[in-house]
Amino acid sequence: GQNIDQPTEMTATEGAIVQINCTYQTSGFNGLFWYQQHAGEAPTFLSYNVLDGLEEKGRFSSFLSRSKGYSYLLLKELQMKDSASYLCAPHSGNTPLVFGKGTRLSVIA
Amino acid sequence: DVKVTQSSRYLVKRTGEKVFLECVQDMDHENMFWYRQDPGLGLRLIYFSYDVKMKEKGDIPEGYSVSREKKERFSLILESASTNQTSMYLCASSQSSGRLDEQFFGPGTRLTVL
Numbered sequence: 001g002q003n004i005d006q007p008t009e010m011t012a013t014e015g016a017i018v019q020i021n022c023t024y025q026t027s028g029f030n031g032l033f034w035y036q037q038h039a040g041e042a043p044t045f046l047s048y049n050v051l052d053g054l055e056e057k058g059r060f061s062s063f064l065s066r067s068k069g070y071s072y073l074l075l076k077e078l079q080m081k082d083s084a085s086y087l088c089a090p091h092s093g094n095t096p097l098v099f100g101k102g103t104r105l106s107v108i109a
Numbered sequence: 110d111v112k113v114t115q116s117s118r119y120l121v122k123r124t125g126e127k128v129f130l131e132c133v134q135d136m137d138h139e140n141m142f143w144y145r146q147d148p149g150l151g152l153r154l155i156y157f158s159y160d161v162k163m164k165e166k167g168d169i170p171e172g173y174s175v176s177r178e179k180k181e182r183f184s185l186i187l188e189s190a191s192t193n194q195t196s197m198y199l200c201a202s203s204q205s206s207g208r209l210d211e212q213f214f215g216p217g218t219r220l221t222v223l
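From first to last, the protein sequence lines are chains A and B. Residues in the first sequence are numbered from 1 upward in steps of one, following our numbering. Residues in the second sequence are numbered from 110 upward in steps of one, following our numbering.
Be aware that one or more of the hints could be misleading.
Quick list of in silico lysine-lysine cross-link-like pairs, DSS-like style, CA-CA up to 27 Å [as the list claims (entries may be wrong)]: (1) B/K112 / A/K81; (2) B/K179 / B/K127; (3) B/K112 / A/K57; (4) B/K180 / B/K166; (5) B/K112 / B/K179; (6) B/K122 / B/K166.
Simulated from the structure, these hints should not be mistaken for laboratory data. Since the structure is predicted, the reported quantities are computational estimates derived from the model, not experimental observations.
Turn these sequences into a full structure, and let the hints guide you.
Printed below as a string of structure tokens:
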């Protein structure tokens, strides 16, 4: 099985930077996905990290440390539309993705 | 663009009814998945399929069955709906390509069982 831990809720101010952490324990680790899910909508792909380090994609960056079982999603220049849940999903072997319970981010003015 | 469609966005059924949730994907993906999503519990895998006619149990298969007669279509069946199956049901598909098993999700079906 897999243990995935991420904060339940976070609040941040428009224009600020927020970091959403995810720790996991899994065997046969391949890489880690981050998905974004707006309320009432389906999850959509944000990033996939295989190697250690930071990958930047516009305002969003994702970091992975394989040895520590740790990842974070960094959101810069926060906008109101970034209010959503962010799901961490470590990928193992040939098994289906297992998702964390998600971090609900509220961006306030 | 990959498109995953689900037959209904909202569905209301009575306890004991047989319920069919349909999912269709148009990108020739081999893998298809059914999840349910509940507040505080996150996404939980019900069943998945790696090929036509194949099915595998996920974490919470009890009370559900599935059918994959064609590659593009994966159906979730509630044999006798119960109130604890009230939930958001999400279908997803993916193409196994080694590097990336990115899953594409349908819009979801919010099922209420009365």
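Status of the hints after comparison with the structure:
Note on B/K112 and A/K81: the hinted pairing holds, with a Cα-Cα distance of about 23 Å set against a maximum of 27 Å. Between B/K179 and B/K127 the CA atoms are separated by roughly 21 Å; this keeps the pair inside 27 Å, and the hint holds. Restraint check: the Cα-Cα separation between B/K112 and A/K57 comes to about 23 Å, which is no more than 27 Å; the hinted pair holds. At roughly 18 Å between alpha-carbon atoms, B/K180 and B/K166 fall within 27 Å of each other, so this suggested pair holds.
Proximity of B/K112 to B/K179 is assessed by CA-CA distance (about 16 Å); at most 27 Å being required, the pair is judged to hold. For the hint linking B/K122 to B/K166, the alpha-carbon distance of about 24 Å falls within 27 Å, and the restraint holds.
Violated hints for the displayed structure: none, as all numbered hints are satisfied.
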